[in-house]
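**Student:** With the sequences and hints as input, model every part of the structure.
What follows is each chain in one-letter form.
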Amino acid sequence: MKPAGRAALVAMVLGCGGGGTEPTDDAEFDFAFADPAGDTVAATTNPNQVRATDLLEITGRLDRQRLVLTLRFANPVTRWTDGGADALDGFVLFDSDTSSASGFANPAHGLGVDFYLDLRDDGFGKMAVVNFAKRRFERAEARFEDATVTVTIPRSFLTTDSDRDSWFRMAVDIAGRGRRPDVDASPTAGFHRIEPTAAP
Amino acid sequence: MKTAAALALAFGAVAWPAVAQRPDTTAVDSLAADATDISAVFLKTYEANRTRVPVMPRLGRRDLLPAMSRLVFDRDTMEWHNAETVSDLLSKVPGVFLWRGGWIGRPEPVNYQARGAASVEYSIDGVPFLPLGPDSVSVDPSLFPLSFLDRIEVERLPGVLRVAMFTRRHDRLPPRTRIGVASGDLDIARYIVSLERRSVGGFGLVVAAEHLAVPLRRDIPGSYSNTQAWLQASYLPPAKRFGASIQWIRGGPNRENILSTGTPVDTLSQGLDGTRNDLQASVFLRPGRHGLGLTGSLVAARSGWAEDSILLTLGDPTRHVRYVDQSLWLFGGRVGHRTAVSTLEAEVWHRTRWTPLDARVHLGLAPATLLAGSAEVGYQRHDGGRTNRWLTARGSIRLPLRLAASVAGRAGTFVPHPTLKAAAPVSLTDLGVLASFDHPRLALEGGLWRTAGFEPVTFPLYRTIDGIGPSGTTKWLTVSARVAPRQWFVLDGWYSNPIKDRPEGIPPTHGIVNATIQSKFLPTFRSGIFGLKLQGSMESWGDAVIGRDRDGEPITLKGATMFRAQLQIRLGDFIAFYDRANLQGTDLGYLPGLNIVRFASTFGVRWEFSN
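If you read the sequences in order, they're chains A and B. Using the numbering used here, read the first sequence as starting at 1 and increasing by one per residue. Using the numbering used here, read the second sequence as starting at 1 and increasing by one per residue.
Please keep in mind that the hints were generated in silico from the structure rather than gathered at the bench. Yeah, the Cβ is synthetic: ideal placement off N, Cα and C, and Gly gets one too. Where hints are given, some of them may not hold.
To be verified - Some but not every residue of chain B turned toward chain A, in silico, with C-beta under 7 Å:
id : residue
1  : His320
2  : Val321
3  : Tyr323
4  : Leu420
5  : Lys421
6  : Asp551
As the list claims (entries may be wrong) - Which residues of chain B face chain A? A partial, calculated answer using Cβ under 10 Å:
id : residue
7  : Arg178
8  : Ala422
9  : Ala423
10 : Gly467
11 : Gly552
Stated by the list, open to error - Here are the in silico distance ranges between beta carbons for each label pair:
id : chain 1 : residue 1 : chain 2 : residue 2 : range
12 : A       : Glu138    : B       : Gly559    : 45 to 51 Å
13 : B       : Asp587    : A       : Ala42     : 50 to 56 Å
14 : B       : Arg217    : A       : Pro107    : 54 to 60 Å
15 : A       : Arg51     : B       : Asp266    : 25 to 31 Å
16 : B       : Gly552    : A       : Arg143    : 30 to 36 Å
17 : B       : His350    : A       : Arg193    : 49 to 55 Å
18 : B       : Ser427    : A       : Glu138    : 41 to 47 Å
19 : A       : Glu138    : B       : Trp607    : 47 to 53 Å
20 : A       : Ala37     : B       : Asp266    : 33 to 39 Å
21 : B       : Pro554    : A       : Gly84     : 47 to 53 Å
22 : A       : Asp146    : B       : Ser427    : 30 to 36 Å
23 : A       : Ala42     : B       : Pro554    : 21 to 27 Å
24 : B       : Ile220    : A       : Asp146    : 46 to 52 Å
**Tutor:** This is how it looks when you write it as structure tokens:
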């Protein structure tokens, strides 16, 4: 074997053996997606008489260490574990490999969901980021302030061995306690793109 | 090589008989006497068995309560009833309806007088047993290891039951061993083993385990297994009144989801896969002679539930993560003083979650043989500034002609489920009046109860029952009776019915009747070692609204009659039993869609002996 070949092999072995999930790029950018006010879905079932939680805006910042995601609503929201009628419920769906063929299919948004953030908190200021392929979850810090919720997700929670870039497809589904169907979706159809080129 | 092996074999064959033929030079009297003299061993054990050693006090037990305030299930009673679980025993309490998810291995939470998940408060050895895990508002008593317990006291209050469970106590020097094996339909298996030992110096040790597996066939969902363990070490010096103990009880239930067969598929009963650990350490001052005098105890306990959440999470059709890793510490102290006619007890608890302060004072009086009364004042402070404040009072009088009467009342503000942060205090005033006639051949008890309006929380394990509708003020009639026309034949049972109103979650006209034939065949087995028991049970109830679905629509429970039979043969402390449920093969169940396996049977043996 030629020296270059050996070096490549060593690099491959080290690369495989390392198993690291650090992002592969140094992209650092902000993103923002607006959601129309008053676009909530009428309830067909609402035994708890839950008021519709209207999502107005998704903003965030992605860097090498973390994804900071902020959801802003028309009205104040509280933690799910507080048990109130205005408790936040729903999911933020991430298609990290931008392929609808992997992960679990979400036809409403056309996503193959590889990770999702469960907006129901754990009672200790955290929310779960579920890795669908590995069937594991990690807990990310979540902060509730009046009508905004900010979640700080370490990048390692959103990367896999084969996919560590900064390109994501994303969608948000907001629900209500016992209320059917989901209250608000952003976007209503399709998905948002989080990618360096979208940086303002 | 082959030659060497053959030589070795030949040498061995020659040498072994040579050794065996060597004259036995060991004198008979050089052997330890108890290694050969079986009679001596027997006599030694017999003598040792006559000596009692101190045992752990039953911490948290209410010493003095008026008549008809509590039902006691001791070890003999547990063996006598056809109980496979603690829930089975609780079904002997008039007014209890078990939300059975099916047969053995399924959930069996208790609904008492339509209070839903707030129906029962549990404790083990005086430490509150709090709901933890995915079902954090109620305890499923089918998960308690019945073989670890030797006494269960059920304190009846209007609207709530307090179930105090006490682990086994061994009061003899020879070690006590208990083993049990049971099997049954669908390859179920139960294994029980325990070893209890006390020393002259006061040290005690218990090691016990119980494993139940209900694997079920592939076409029947909801397989179950649970391995439970109990370790206890204690120190009770014989001549002293103080003592200390530490114990650990572990349960590891693994129960599959039970899904509906229709479309869309729904989760009828939520699975369970985790481990519960309850650790408690206590130091205590035992009562003096005849159980009188000053008593006290300090307790530190930790309860925790942990599970492989994600397996359940992704099995959850909603995909929501269930945060079920819960644990808390409990620190408590008790002090009490008992005289022949009175008892005064006070206890304070601090819990590191949900309820930082729990304080209660209990006074019991029995100034005369015919009269007794008790009162309890309690205060609990929960997270969020919520509080429980209550007063409980009881009184009883024994009348001529074997008659007795009692009254009980409970009033105050309660947060039924402090684990729910949005749960607000509610004001309740519940009352009960009981009258009884007690004769060895005939015992009757009638009760009238009035429970305040309540908004019960459902049992979350049953996912299709999203809620239970609120009830208004409800009056209840309960009747229980025991008729023994012959010493060997006993009819007993109870009946409970809400008067006029129909609260949700509990069926009307609910009753259980047991017919038991029991004999020791004394003319044949004069030592009394033999016992035969044949029992048939019938439980029935009327149509009811058991709860509400996610759309708020009522869920109907069809009235049903269930039959069960048990045969038990006893030889000393050896028991063989055969238990058969759903004898008539009905497709109905205690909850819609969760029927009892037809003609389901279990059989097995239990044996307890002194080593």
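**Student:** Of the numbered hints stated previously, which ones are contradicted by the structure, given in increasing order?
**Tutor:** The structure conflicts with hints 7, 13, 14, 21, although it agrees with all the remaining ones.
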